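Engineer: Following the hints, put chain B in place on chain A, whose structure we already have.
Protein sequences, first through last, are from chains A and B. Everything in the first sequence is counted per our numbering, starting at 137 for the first residue and increasing by one. Everything in the second sequence is counted per our numbering, starting at 4 for the first residue and increasing by one.
Note that these hints are calculated values from the structure, not bench results. In this text, all values refer to a predicted model and were calculated from it rather than measured experimentally. For each residue, glycine too, the CB sits at the ideal point set by N, CA and C. One or more hints might be untrue.
The calculated lysine to aspartate or glutamate pairs, modelled on EDC-like cross-linking and capped at a C-alpha distance of 16 Å, are [claimed, not checked]:
| hint | chain 1 | residue 1 | chain 2 | residue 2 |
| --- | --- | --- | --- | --- |
| 1 | A | Lys-273 | A | Glu-381 |
| 2 | A | Lys-302 | A | Asp-246 |
| 3 | A | Lys-204 | A | Glu-320 |
| 4 | B | Lys-13 | A | Glu-320 |
| 5 | B | Lys-213 | B | Glu-198 |
| 6 | B | Lys-13 | A | Asp-376 |
| 7 | A | Lys-302 | A | Glu-241 |
| 8 | B | Lys-164 | B | Asp-253 |
| 9 | B | Lys-13 | A | Asp-246 |
| 10 | B | Lys-213 | B | Glu-201 |
| 11 | A | Lys-149 | B | Glu-310 |
| 12 | B | Lys-165 | B | Asp-253 |
Derived, one-sided and incomplete: chain A residues facing chain B with beta-carbon distance under 10 Å [said to hold, decoys possible]:
| hint | residue |
| --- | --- |
| 13 | Ile-161 |
| 14 | Phe-216 |
| 15 | Lys-333 |
| 16 | Ile-377 |
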Amino acid sequence: MNAKVSNKFIISKILIFICCIILAILSISPFIVMLVNATRSTTEIQQHAVSFIPSTHLMSNFKLLLGKSFDPVVGFLNSFIISVGTTTLAVYFSSMTAYGLVVYEWKLRDSFFRFIMLIMMIPAQITLIGFYQMVYKIHMTNNLAMLILPAIASPSMVFFMRQYMKPSLSLEMIQAARIDGAGEFRIFNTIAMPILKPAIATQAIFTFVTSWNNLFTPLVLLTDQKKYTLPIMISLLRGDIYKTEYGAVYMGLALTALPLIIVYLLLSKYIIAGVALGGVKG
Amino acid sequence: MKKKSFGYGKWGYIFCMPFFIAFLIFSLYPMLYTAFIGFTDLQGIGKTTFRFLAEDPFANYKAILSSATFQTALGNTFKIWICNFIPQLFLALLLTAWFTETRYKVWGAGIFKVLFYMPNIITAATIAILFNALFGYPMGPVNDVLTSLGILSEPYNFLVKKGAGQAIVIFIQTWMWYGYTMIILTSGVLGISPEIFEAAEVDGANGWQKFWLITIPNIKTILLFTLVTSLIGGLNMFDIPKLFLLGGPDNATLTTSVFIYNQAFSGSYLYNRASAASMIMLVIITAISAIMFYMLRDKDEEALKKERKRQERLYRKKMKGERV
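Just chain A, with the same shape it has in the complex (with noise of 0.2 Å):
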């Protein structure tokens, strides 16, 4: 009877083994294709598209996208002062909200949290056309802070700073810190902020990753060049100078995937666990 049993669990833990087995396979061969093919010339690729084995043409894809209108260093620098403008600011002005509706009461204080329920829901594209028509009036398109200050009201954020906050903060704390003389702004920055570090470490990776790979605003808003992010320089390959260059195309979807799947790797442990806390407190 035992035997049978463990018999049984033997074998559904090997099915279950193979299963995931196979997902992951099929979640890393596209970006394994991705690397390999990065290395090889066009014409190889068109012989066999799939080789486990990289070849010698890296320097020549490479030249190659440069020399059309793909420039990464500048989508990448574009890419991480809107990244980084947008995480800071979001991640500041969120945990300031969220201090506002926890330490404070005020008449309005849960009207205004019932409000930023109801427009945590409300996707940017929806808003997109007017957002768009005001900033060309303000003749501010190709504006980078265009794209970065909208973060200050980030509603889910100050949603799951909130419910962070609630129990972590002690309101003690704050009233001794009060009978020292200290200010409420300097309270919350050296008494705050420390304690949400955590919850601000989560919050910052998403919002940091989100801004990454964020098309659909920037596509909108830029129109020069020198001021394209990395996501619209992605969309170039889709364009016609690349129809042809297979080698090319694949270098550059690697050389905008790689640094993430690198850091992805590095801090998985993190990102994994913030993924966690931000179905359980959503």
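Structural biologist: Leaving out everything else, chain B in the frame of chain A:
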């Protein structure tokens, strides 16, 4: 205590002010402006002057609602979302059941989680163009594998077939998101008190029964959360359909977001039509999320009430016990 903190009330307004101002400028005003443009004749690149359509204010709405392309886009959006959500949820639940079942102890579960979630973190634009290259014709990697394995006798041009194009977009969405859903659900299951499972085991419940009778009811809130966020994300799907096949072939992968973008920023720059379409989407999203949120919040409060009652009962029992 209440009286003491009253004097600080104004700080609440001060701390929330930047959020509110930014919201007014960057969200509320653009939204009202979008709604307004929907009632005007604003068209053409670089134009900023417009006229209110006094004779027929809803002309743009009528044009959009009766447009065959918009109807196709709306249909595609729902179809692509539903067809990706069902397998995504199924896979995520299956993996959750495996990963949280302590008796199985899946080998390398940690590494698998990392790999399953990876596609979600990579730029969607990169993934869309990568899949375009992977399904290339005649000698893309997928065709190469399928012909060398003998599954296809000759290369198949996936990218010009309507059904294949849609199916690949659905596949990409599922592939990108099942890992995320799995992690969320797993964390929900791990939050269930182990005592409940132990009690069920004592009662002789098998794995299947435990999953359906304990796990699922206990993660209902998280399932609803997943459903709402996935639906809203799905209704705004843009990067993959826009870059994978540019909405084609024959509008088969055209979603409403791509439709709105194409209306406003290509061709004849129909800002007014795009605005009307945006507002229609806003109404749809608001209606759906209002319904779901109502369900979600009710459940939450119910659970809280139950929990409070349970603890009260426990407390009373304990008190009685101590007295005896």
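Engineer: If a hint holds in the structure, say so; if it doesn't, say that too.
Structural biologist: How the hints compare with the structure:
A C-alpha spacing of about 40 Å is found between A/Lys-273 and A/Glu-381, which places the hinted pair above 16 Å, so the restraint is violated. Distance check on the hinted pair: A/Lys-302 and A/Asp-246 sit about 14 Å apart at the alpha-carbon level, within 16 Å; holds. Restraint check for A/Lys-204 and A/Glu-320: not satisfied, since their Cα atoms lie roughly 54 Å apart, outside the 16 Å limit. For the suggested pair B/Lys-13 and A/Glu-320, the alpha carbons sit about 11 Å apart, so the restraint of at most 16 Å is met.
With a CA separation close to 12 Å, the supplied pair B/Lys-213 and B/Glu-198 stays within the 16 Å bound. With a C-alpha separation of about 58 Å, the suggested pair B/Lys-13 and A/Asp-376 falls outside the 16 Å cut-off, and the hint is violated. Using a Cα cut-off of 16 Å, the hinted pair A/Lys-302 and A/Glu-241 holds, with the two alpha carbons roughly 13 Å apart. Simply put, B/Lys-164 and B/Asp-253 have alpha-carbon atoms about 9 Å apart, close enough for the 16 Å limit, and the pair holds.
In summary, the hint linking B/Lys-13 to A/Asp-246 is supported, as the alpha carbons are separated by about 15 Å, within the 16 Å threshold. Between B/Lys-213 and B/Glu-201, the direct Cα distance comes to roughly 10 Å. Compliance with the 16 Å bound is thereby established for this hinted pair. Taken as a hint, the A/Lys-149 and B/Glu-310 pair is broken in the structure, with Cα atoms around 36 Å apart against an allowance of 16 Å. Restraint check for B/Lys-165 and B/Asp-253: satisfied, since their Cα atoms lie roughly 7 Å apart, inside the 16 Å limit.
Restraint check, A/Ile-161 versus chain B: the minimum CB separation of about 9 Å is within 10 Å; hint holds. Against a cut-off of 10 Å between C-beta atoms, the interface hint on A/Phe-216 is violated, since the closest Cβ of chain B lies about 14 Å away. Contact between A/Lys-333 and chain B, as hinted, is not supported at the beta carbon level, the nearest pair being about 19 Å apart and thus beyond 10 Å. A distance limit of 10 Å between C-beta atoms decides the matter here; for A/Ile-377 the minimum to chain B is near 14 Å, and the interface restraint is violated.
In summary, the numbered hints that this structure violates are 1, 3, 6, 11, 14, 15, 16.
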